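Undergrad: Put the complex together from the two separate chains, hints included.
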Amino acid sequence: MFDHYLNAFATVLLPQNILAMGLGGLWGLLAGALPGISTSMGIVLLLSFTYTLSPITAFCMLVAAYCGGITGGSITSILFGIPGEPSSVPTVIEGHALAKQGHAAYALWTFLLCSIFGGIFSVLVMMAATPLIANFALRFGPPEFFALTILGLSVVSGLSGGSLLKGFLSCFFGLFLATIGTDGITGGERFTFDTMVLLGGINFVTAMVGLLAVSEILIEAEEPFKEYKGHVGYRGMKAEMPKFSLFKKNWFNLIRSPIIGTVVGALPGAGATIASFLAYGEAARTSKEPEKFGHGAVDGLMAAECANNASTGGSMTILLSLGLPGSNTTAMMIAAFMIHGMQPGPLLLSTRPEIVYGIFVAMLLSNLFLLVLTIVGIRLFLELNRLPYSVFSAAIIILCVIGAFGLQNSMDDLFIMFAFGIIGYVMRKFGIPVAPAILALVLGDMAELALRRSLLLSLGDPMILISRPISVVLLAGAVFSIVYPLFKKPKMLQEL
Amino acid sequence: MKKAMFFLVVFVVMGLVAGVGNVSAAPYPERAIEIIVPFGVGGGSDTAARAVAEGMKPLLKVPLVINNMSGGGGTKGMLYASQQPADGYTVLAITTSHLIDAVKPKTRAQLLRDFDPIMRIQWDTSAVTIAGDSKFKTLADLIEYGKKNPKMLKFAGTSPGGWSEIQTVAFFKGVGVDATFVPFDSGAEIKAAILGGHIHGAVEELAETLPLIEAGKLRSLAVIMEKRHPALPNVPCTAELGFNYTHGLMRAWGVKKGTPPDRIQYLHDVIKKALDVPIYKKFVQDNHLYARPGYLGPEETRKYWDDEVKFFTETLKTLGYVK
Chain A
232 MFDHYLNAFA TVLLPQNILA MGLGGLWGLL AGALPGISTS MGIVLLLSFT
282 YTLSPITAFC MLVAAYCGGI TGGSITSILF GIPGEPSSVP TVIEGHALAK
332 QGHAAYALWT FLLCSIFGGI FSVLVMMAAT PLIANFALRF GPPEFFALTI
382 LGLSVVSGLS GGSLLKGFLS CFFGLFLATI GTDGITGGER FTFDTMVLLG
432 GINFVTAMVG LLAVSEILIE AEEPFKEYKG HVGYRGMKAE MPKFSLFKKN
482 WFNLIRSPII GTVVGALPGA GATIASFLAY GEAARTSKEP EKFGHGAVDG
532 LMAAECANNA STGGSMTILL SLGLPGSNTT AMMIAAFMIH GMQPGPLLLS
582 TRPEIVYGIF VAMLLSNLFL LVLTIVGIRL FLELNRLPYS VFSAAIIILC
632 VIGAFGLQNS MDDLFIMFAF GIIGYVMRKF GIPVAPAILA LVLGDMAELA
682 LRRSLLLSLG DPMILISRPI SVVLLAGAVF SIVYPLFKKP KMLQEL
Chain B
11 MKKAMFFLVV FVVMGLVAGV GNVSAAPYPE RAIEIIVPFG VGGGSDTAAR
61 AVAEGMKPLL KVPLVINNMS GGGGTKGMLY ASQQPADGYT VLAITTSHLI
111 DAVKPKTRAQ LLRDFDPIMR IQWDTSAVTI AGDSKFKTLA DLIEYGKKNP
161 KMLKFAGTSP GGWSEIQTVA FFKGVGVDAT FVPFDSGAEI KAAILGGHIH
211 GAVEELAETL PLIEAGKLRS LAVIMEKRHP ALPNVPCTAE LGFNYTHGLM
261 RAWGVKKGTP PDRIQYLHDV IKKALDVPIY KKFVQDNHLY ARPGYLGPEE
311 TRKYWDDEVK FFTETLKTLG YVK
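Chains as they are written, first to last, in the working numbering: chain A, 232 to 727; chain B, 11 to 333.
Bound conformation, chain B alone (with noise of 0.2 Å):
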């Protein structure tokens, strides 16, 4: 007894050894890895990030874990995400709504101070949209309407001192128009107000309109970007009006800052191999995101967080928002 007691123990202490041995050589990743989705189950983010997820689960020997953590617009899983240690075991769904918090003074995880960059994944494309009857044919139609008529031009949104606000009243500045900005708490009631004819329309995300439009029951004027989108032909672009206005809707991964640099370049490169999987190719497809690239390596990510976030310091201040 006293023997196997004995060997047992050996066994036991040379497994612990071995064990040990293993951690600090441990190849990354070798336990689950957990994603915070700061956003509530089925919604943008967390449908785009499940996408991600289901084409990386595969290519990883480890679990992929979505923790959606929702609350205070984004801002309480991103606090969380910073918490945990710099590790690359926790990875943060990062939206721009992330970028025009980190203009605002009072937040106590900041998106450019806190997290590195792993990529940018998605960049949508919004459009200035308006019912189908509409008096307006064409954007020079509305501007005209708006310069004549200051603040009588009604656009809905979501989220008021968010990317929703900003974007509308971004465009509407950069056409010389005093535009009415009215928020609404979903784009399920945006569309019904425009429908309606409550107000007159609304800069909003193209996929969330695409198939109102195409039944007619709603028209878009111009789509936000540097040239046509695939999806409407027909609809002239920004660019081609003489806007320089071409910002869109982004979605990035970033982990915190500090974490290894080979950890994060492992992780780039699984989801990036996972952005050609079918399964999110048909993501892709269904949101219409491929009407520009969406993906941009680590250091470009940087970059660009970096020119929204002076473009959205210029906005928000305009608006009143920040000193």
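Just chain A, with the same shape it has in the complex (with noise of 0.2 Å):
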């Protein structure tokens, strides 16, 4: 297996190799921080460069543009408030609003120091431990996804800011959109109004845009020419560089968050989504300063940092030992696999282990090229910030349309971003924190679908949900974290 290593990094280290993942890197920064190209349509716009290079040469690239997209798409959350993916939610709420106290930069450097060491971190785990993760990942049947889903939704309590009635109260909306469109079990339509626009149901990535980053616009323009907020005490990168006792302080978040993100990002079906809003959550749960969360935690951003960049790891393991694809980036990965001729499963290791290796030296090696990479751009980003809110906002709303136009190039969806912006503004107007929405809506879907799923598994009976272990101690975890912030607040008790 050494040897295989020594092989692995002498091949990845040649000129052209390190080209690529140079050329992939910057590409998948691009696209991840574009609203309106996702990672894996950067990936898939990829692959036809790919069909030329020799194999390791292309997947020096692909992997590192997954990493690329995965990292870029935060630097958008963070300066723009505009999440390009649901796995960036957390980074919206936490990383700008940081931005928005002029704290761009410091966000930006923890944000990018939390996701390499989360990017590295997973990737190491995946060296080690292939076949432990993957035969873990694989006891995770539909009850246990369900108690999953359940002790993701439970963040809501630490996601409510002062109030747990409201932020139940948003909570619950963003489960009742979730039920909207075709029904996953029976495949019956429910609250369509027997219009095309609502089949597939409210895509999350529209009504992310337009809660999140259309409705803030709508309440900084109540404010008229006023200046971007940022140039109030705007710091450059060097002088907001964080403090090693930043890091210190947080060893335990630090260890934590990423060993979520690898194990979440195994699961077929879960991903990066689940796994940084579990790690978010967790961070606000043993917060010390709780009260900071939703206006700008660092140790929350942290957090979902490290999973989200960790869930790469998780989400390659699964693919290269089973052939599984984790989530939609890898989907697209196996199209490069197929291309190359090679198909990836179980015999991969053994048929073709100098590609297996090689693209586990080439994930640890983009990690740290992106460091660089992201060191440079980040600067440029950050010159915006010294743009009149005027301007920046309308540069904002253009990125938003193209961002929700973009999907499927669809025309409705573009209403539907608007129509969340409005919902997301009068919400905002009554102290509504919107987080929790978007989270139910995320997760109620696959929380329903699981939920059933286990039903029908069991014939009807629900003691399959408590019957397993695995899912019986996410169950307690979720209802601990529920129930445990009421105690140790006995105001949010007598709220409710």
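Note that these hints are calculated values from the structure, not bench results. Source: prediction; values computed, not measured. Glycine included, every Cβ here is placed at the ideal spot set by N, Cα and C. Watch out, some of these pointers could steer you wrong.
[What the hints assert, rightly or not] Some residues of chain B that are not near chain A, with every Cβ distance over 12 Å (derived):
id	residue
1	Val72
2	Arg118
3	Met162
4	Lys237
5	Ile274
[Said to hold, decoys possible] FRET-style restraints, in silico, Cβ to Cβ:
id	chain 1	residue 1	chain 2	residue 2	range
6	A	Met232	B	Lys292	51 to 57 Å
7	A	Leu254	B	Thr323	30 to 36 Å
8	A	Leu250	B	Asp143	43 to 49 Å
9	A	Glu585	B	Pro160	47 to 53 Å
TA: So this is what it looks like as structure tokens:
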């Protein structure tokens, strides 16, 4: 095995492969940072360039683009408040709040260091324990998925800011939204009013962009010709470099979050979104300053970013060991394997070890490359912060429109985005947090399907949910994180 | 100056007249042909359509544009294609799911009514697949267990009320077993659920599961076909086990009804040639589509569609999706 790694390093460090990683990483960063081009679309566009490359060079490029896409999405989230993927929602909430307080550079530094750390952590875990993670991931059947999504939903209490009541109000609104569209178990239509528009359900990217980004601009637009808040105490990268003590203080967070990311990333159908929300929720629950969450809590940002990037390793683990794509993006990787005459699956490690170990090493090195690329690139992005808000917000709206339209080239998505912008505006006016609604929209669908699948498996017996060890532990965790804040802060209990 | 202007006008008018003359006698195709893939980028329908299109590009003088229009399980793209003029410039990539929609009463575009087939391109093979360490050794074991324990046999699939459920339920109904169908969101989730022992198995397209079968993690009990599949020569086919059930997923291309026959013929000839191009042959090889001929001419395709729709009507009735 040691030989394999030595060979892999020697191959990956060839000049053409380093160039491929640099280009792939840059492309991934761009695709991730630009709304309207998702990471998976970025990979698809890149695929056609890899036909003529040697397999290992092609994978160096694709793997770097994959890691870059996940990283790039967070830049847009922090600076513009536009989440590119549902997994970036916690980053928008905390990172963008920091940026608005004038600490954009601080937020970017923290995100960058944590996401690279999370990425490298998960690659190392993946190198050491691919079969272990794969076997553990397979133990997650529908009941375990249900418990996992409920645990994810229990984060609501952490996201609610001051008022649990308003947090749950928002959460139930999101759960309702999740029921719209085609029923995943019977195929029947729900709340579609016989239109085509709602047949596929509410697309959470459009809803997310509307609720988070558009509504914020509407709020800001109430104060005309205001300068962007970022210029208040706007400081450069050097001045905002986080101190080592920050990481020392958060050491447990920094270990817990990548583990959550790696394991949950390996579950097909769960992936980065649940991972980042779970890690974020755990951080909120254990934080010494929980009142800061929603208003720029740096530990929340750290947790979400670590987990988000760590999910890449988990997702690649299950792809390389079993040939199962854990996310849309890794599904595109399967196409890449086929182009180069390989079939990802359990046999790949024995038939083409040089490719598998090469991919491990390429993932490790791309994370390091991305650190350099992003530090250089961030300075350019940061300059945008100096723009007056009237100009800046117009640019954000344009990016939102491109992002929503680009999903499926459909005007319907655009209307839905603006509708959610107005809904988000009203919610904010009443002090109702929007994050729980997004969380519930994303997880509600998964939770419902997992619950109904479980009941199909048990022929209607609900005991299946609490008769399996993993799901019991997860459900107990969920109950604990909902009930615990009530006793910690009796004021919240009175309110309920 | 005036003189120059006059000549300019004369030239422009002459050009226009010549242009108009050209249009009426213009050979088809004279502009880009749009292929509507009613599913997302990177999916099975998309990669199949792109493989065919790659083969067609060198044979055509006009560009070929693939437009992914996903939504409503393939109905959105079909609706769009049915609203375009019947001039052969909009081609719809059709799958079995459109045939199933044709049975349901609530469709605004209906395949048999609104479209003419160009040809059937692919005819995939499904297999009854279970975990490698499953206690069932043969299809007979599975059926025996299923008959003794109604509803206890749990099989996964992807689309409730769609092809995946129909092929699972129709197969088990054919062998006299009352099985429970559990729908999942993607093939990856199904395979993970089988490997993890959460579900007994799935009736799925063979190419999806082949790498895991070759590794021994999954096992096929039977391929649903009239003969054995070359990729799995040791696995019996349904025909030899005595089951008269050989349906498979099909992909075809079609145009809006009323398109001039010579244009359909032209497209048919180009696509047929494209199926012999190496890049498409590699696609067939990679996806194990070589087991039985996919190609059917326009008339045979129409008959095949009619027969399948009849079969789906029956199955959906027993499932209670239509009355």
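Undergrad: All hints are to be evaluated individually against the structure, with a verdict given for each.
TA: Here is what the structure says about each hint:
Interface exclusion of Val72(B) from chain A stands, the closest Cβ pair being 21 Å apart, more than 12 Å. Non-interface status of Arg118(B) relative to chain A is broken: a Cβ of that chain comes within 12 Å, the nearest being about 8 Å off. The beta carbon of Met162(B) is not kept farther than 12 Å from every beta carbon of chain A, the shortest such distance being approximately 8 Å. With a cut of 12 Å on Cβ distances, Lys237(B) stays outside the contact zone with chain A, its closest approach being about 24 Å.
Consistency note on Ile274(B): stated as away from chain A, and its beta-carbon is indeed over 12 Å from all of that chain's, at 27 Å minimum. Range check, Met232(A) to Lys292(B): Cβ separation about 33 Å, and the 51 to 57 Å hint is violated. As the Cβ distance of Leu254(A) to Thr323(B) is approximately 53 Å, the hint placing it in 30 to 36 Å is violated. Between Leu250(A) and Asp143(B) the beta carbons are some 45 Å apart, a value that agrees with the proposed interval 43 to 49 Å.
Look at Glu585(A) against Pro160(B): about 51 Å separates their beta carbons, and that is inside 47 to 53 Å.
Hint check: violations occur at hints 2, 3, 6, 7; the rest are consistent with the structure.
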